[in-house]
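Knowing the structure of chain R, use the given hints to seat chain W on it.
Which chain is which? The protein sequence lines are R and W, in order.
Taken in order, the first sequence gives residues 1 to 305; the numbers are from full-length UniProt numbering.
Taken in order, the second sequence gives residues 1 to 272; the numbers are from full-length UniProt numbering.
Just so you know, nobody snuck in bad clues.
With a Cα cut of at most 25 Å, we get these calculated SDA-like pairs of lysine to any residue:
#: 1; chain 1: R; residue 1: Lys35; chain 2: W; residue 2: Leu127
#: 2; chain 1: R; residue 1: Lys35; chain 2: W; residue 2: Pro106
#: 3; chain 1: R; residue 1: Lys197; chain 2: W; residue 2: Pro186
#: 4; chain 1: R; residue 1: Lys35; chain 2: W; residue 2: Gly101
#: 5; chain 1: R; residue 1: Lys35; chain 2: R; residue 2: Val291
#: 6; chain 1: W; residue 1: Lys263; chain 2: W; residue 2: Val248
#: 7; chain 1: W; residue 1: Lys174; chain 2: W; residue 2: Ala269
#: 8; chain 1: R; residue 1: Lys197; chain 2: W; residue 2: Phe157
#: 9; chain 1: W; residue 1: Lys256; chain 2: W; residue 2: Val246
#: 10; chain 1: R; residue 1: Lys35; chain 2: W; residue 2: Leu136
#: 11; chain 1: W; residue 1: Lys256; chain 2: R; residue 2: Pro121
#: 12; chain 1: R; residue 1: Lys35; chain 2: R; residue 2: Leu281
#: 13; chain 1: R; residue 1: Lys197; chain 2: R; residue 2: Met214
#: 14; chain 1: R; residue 1: Lys197; chain 2: W; residue 2: Ser252
#: 15; chain 1: W; residue 1: Lys256; chain 2: W; residue 2: Ala269
Derived DEER-like restraints, expressed as beta-carbon distance ranges:
#: 16; chain 1: R; residue 1: Ala230; chain 2: W; residue 2: Val239; range: 35 to 41 Å
#: 17; chain 1: R; residue 1: Leu119; chain 2: W; residue 2: Val247; range: 18 to 24 Å
#: 18; chain 1: R; residue 1: Gly200; chain 2: W; residue 2: Thr245; range: 30 to 36 Å
#: 19; chain 1: R; residue 1: Asp149; chain 2: W; residue 2: Ser223; range: 20 to 26 Å
#: 20; chain 1: R; residue 1: Val24; chain 2: W; residue 2: Met227; range: 34 to 40 Å
#: 21; chain 1: R; residue 1: Phe70; chain 2: W; residue 2: Ser45; range: 56 to 62 Å
#: 22; chain 1: R; residue 1: Phe70; chain 2: W; residue 2: Gly242; range: 48 to 54 Å
#: 23; chain 1: W; residue 1: Val239; chain 2: R; residue 2: Val24; range: 33 to 39 Å
#: 24; chain 1: R; residue 1: Ala158; chain 2: W; residue 2: Val239; range: 27 to 33 Å
#: 25; chain 1: R; residue 1: Arg117; chain 2: W; residue 2: Ile243; range: 26 to 32 Å
#: 26; chain 1: W; residue 1: Ile243; chain 2: R; residue 2: Pro165; range: 32 to 38 Å
#: 27; chain 1: R; residue 1: Gln148; chain 2: W; residue 2: Gln47; range: 23 to 29 Å
Treat the hints as calculated values from the structure; they're not laboratory data.
Please read all numbers here as calculations on a predicted model, not as lab measurements.
For every residue, glycine included, the Cβ atom is placed at its ideal position computed from N, Cα and C.
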Amino acid sequence: MATAGEKGIGRLFVIAVPYLWLLVLFLVPFLIVLKISLSQDVIAQPPYAPLLDLSQGWAGFVDFLSQLNFDNYVYVLDWNNEFLDAYGSSLIIAAVSTVLLLLVGYPIAYAMARAPRTLQPTLLMLVILPFWTSFLIRVYAWIGILSQDGLLNQALQALGLIDAPLEILNTDLAVYIGIVYSYLPFMVLPLYAALEKLDGTLLEAAEDLGCPPMRAFWLVTFPLSLPGVAAGCLLCFIPAVGEFVIPDLLGGSDTLMIGKSLWTEFTVNRSWTASSAVAVLLLIVLVVPIVIYQNIQARQLEAGK
Amino acid sequence: MSKSLSWFNVTALVLGFAFLYIPILLLVIYSFNASRLVTIWGGFSTQWYGALLENEQLLDAAWVTLRVAFLSSLVATVLGTMAALALTRYGRFFGRSLFSGMTYAPLVMPEVITGLSLLLLFVAIGLERGFWTITLAHITFTMCFVAVVVQSRLVTFDRSLEEAALDLGCPPFKTFFIITLPLILPAVVSGFMLAFTLSMDDLVIASFTTGPGATTLPMRIYSQVRMGVTPEINAICTVMIGIVTVVVVFASIMTKRQEAQRKRDEQAAAAH
Numbered sequence: 001m002a003t004a005g006e007k008g009i010g011r012l013f014v015i016a017v018p019y020l021w022l023l024v025l026f027l028v029p030f031l032i033v034l035k036i037s038l039s040q041d042v043i044a045q046p047p048y049a050p051l052l053d054l055s056q057g058w059a060g061f062v063d064f065l066s067q068l069n070f071d072n073y074v075y076v077l078d079w080n081n082e083f084l085d086a087y088g089s090s091l092i093i094a095a096v097s098t099v100l101l102l103l104v105g106y107p108i109a110y111a112m113a114r115a116p117r118t119l120q121p122t123l124l125m126l127v128i129l130p131f132w133t134s135f136l137i138r139v140y141a142w143i144g145i146l147s148q149d150g151l152l153n154q155a156l157q158a159l160g161l162i163d164a165p166l167e168i169l170n171t172d173l174a175v176y177i178g179i180v181y182s183y184l185p186f187m188v189l190p191l192y193a194a195l196e197k198l199d200g201t202l203l204e205a206a207e208d209l210g211c212p213p214m215r216a217f218w219l220v221t222f223p224l225s226l227p228g229v230a231a232g233c234l235l236c237f238i239p240a241v242g243e244f245v246i247p248d249l250l251g252g253s254d255t256l257m258i259g260k261s262l263w264t265e266f267t268v269n270r271s272w273t274a275s276s277a278v279a280v281l282l283l284i285v286l287v288v289p290i291v292i293y294q295n296i297q298a299r300q301l302e303a304g305k
Numbered sequence: 001m002s003k004s005l006s007w008f009n010v011t012a013l014v015l016g017f018a019f020l021y022i023p024i025l026l027l028v029i030y031s032f033n034a035s036r037l038v039t040i041w042g043g044f045s046t047q048w049y050g051a052l053l054e055n056e057q058l059l060d061a062a063w064v065t066l067r068v069a070f071l072s073s074l075v076a077t078v079l080g081t082m083a084a085l086a087l088t089r090y091g092r093f094f095g096r097s098l099f100s101g102m103t104y105a106p107l108v109m110p111e112v113i114t115g116l117s118l119l120l121l122f123v124a125i126g127l128e129r130g131f132w133t134i135t136l137a138h139i140t141f142t143m144c145f146v147a148v149v150v151q152s153r154l155v156t157f158d159r160s161l162e163e164a165a166l167d168l169g170c171p172p173f174k175t176f177f178i179i180t181l182p183l184i185l186p187a188v189v190s191g192f193m194l195a196f197t198l199s200m201d202d203l204v205i206a207s208f209t210t211g212p213g214a215t216t217l218p219m220r221i222y223s224q225v226r227m228g229v230t231p232e233i234n235a236i237c238t239v240m241i242g243i244v245t246v247v248v249v250f251a252s253i254m255t256k257r258q259e260a261q262r263k264r265d266e267q268a269a270a271a272h
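Isolated chain W, as found in the complex:
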């Protein structure tokens, strides 16, 4: 590529990342603002973090959110991985295009439609709304994201190892757990993390499918934001951003290390 374009590339990257990160950075900075007014700097303070710990409604909501996210992403990972296997490994089966359609549609489906339709289902079958209905709803829309992530790994997967195991008499079920799963594990883990954050993040679907007694953190934040911007919301947002950043960076370092280890193993195996 000609060097004359590089200044253009650098500008594009700098402006692009500035656009992506400055709003988040400002939000974090103003969570340490001593002033009650969010937009006027009144000195450094951590008082809003202290206030968080005493806000029981917020802590309750955070606890509900974490439980829903953990449970739903766990089930979604299993179901999504199965869907990915079904779509990549099992060739044609009855109603396959309907199945693949149902797997990809939720990725772009407007949340208001998904939320409303699930609510109407829960009402129609007489299920009491609350923790469990949010969890069911979250499993449904996040399993599709897991399926796509795992599927993109499965299509680039070398099947000869699996075939070797099957030829040597290893039952398919066992082959999956000792050969396939370890190889696709990084994709399954990123699918799980994606499902977890999507569940933690969701406002619209949770608002439709919840009932009395189950308020999630985004619902709580949303109702506070509607009443006005406060440093306390900045503080809770900063905590969430901090957790996500640590987890994502840690996970990506782990994956990189595993990848490097795998390459070394493969090279060592080839040398023998």
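Same shape as in the complex, but just chain R:
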């Protein structure tokens, strides 16, 4: 047997290194965002005040607390500044996209799980492969397809289905197409994982007892796939709310999404304090789905699949 001491040091090392890393580079940055969101813009480097001056000890800390202010939140939550609209429309776009993803992804995952065993690894790889290719490239590919003189309009006109080109690029429709396209593997994979584990004898039993296939699907298959549905939906919904690249490249100037607003506030208006407030509020909106997702993930991974 290994001595307790050896095991203790090794154990401590394996836990402490990634733990400290995440504390310093994941948790502390959020606290800094929170702090800066409560600061005022100043023309200096870094462009915010107050700074926490620890060298002055407790007095410095009290001084720091007394200078905190909520002006940035007042600014972001002002109806005239479009941030509230952006939060609302991000949530709607993400929710609608998630439903669309489920409608598109479920039949694919279902068909994969029902395919012959020998074919399944290949199908799985075909779903994962686009995910390995750059996200930016996959979004970019749609610009050439959806634009006014793009390939989709050319094809539809050649077929005589439309007379004038449709305006799809730079609209919300293009954003939906972009999100559904780029997030599809994230929806299909958890669904497939849930459907693949499904015990076929349950469906046979339902069939033997005279249950029609459609009814058996809703009574047996779908309820048993719900953990996959929940994982897939959260995995798509949460990042989609904060999506920046898709609304920026495919959406129009009137497409409001909060990820884009944050980016603009930061790069164009150069207000670090206001963009921090936007980030804090976005996190507050997302904290419930994120915690649910963490619990699902922890239960799946730690209980053993």
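Coordinates of chain W only, in the frame set by chain R:
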């Protein structure tokens, strides 16, 4: 399963894969377009690939991206594997739920938040922004993906071999390297590859955390795309798609072969 559903399944698969692959295919085809206009076919040409080799800004960006991706995914693989071990092997420890929360949250965290918060950290501690800050940022968000991939392998892992080694007096450190690591290696390798591609792919976090002098390929592509679609971008995209496809297909064949070898070994061992 009843046969009546199979036409439905086949349709779902054909439409699904058509949706996934046609846009990429069109992008590849139009990279060989002789015309400057991306959407009108003007004959076959490889001129845009030649133009790539002369575009020094693009090549510089590609070199920065590869270095960041290699370095960050290497460190992320080590840290992610440690995190996975900590979460599956060490039972309860102080602050465990905070730790597992921090490991899973970055998987879904919107990139704008991660990017902004890391930038503010780097500014607060006075770190000069550039190559190293992008690398630190990439390690942080990719190590969580590695942790999840390795963890899903560790939970289905037969611990009796490890226990046997420990019982026979093999120190834990050595046991890890001669027993555990070889067995979980396929998961560690896919974790590394995932971290590598995520790093190569990242636009938002890199844009926030970079400084003057360090421009990555996605940042370069993004600024060109904003000015309009050109066959040259199609060409660089095609090169990247080609590399990724070759690597992924090669890796999956390797894993399959290893898996088959392992099964044969196990059967042979059982027969004795």
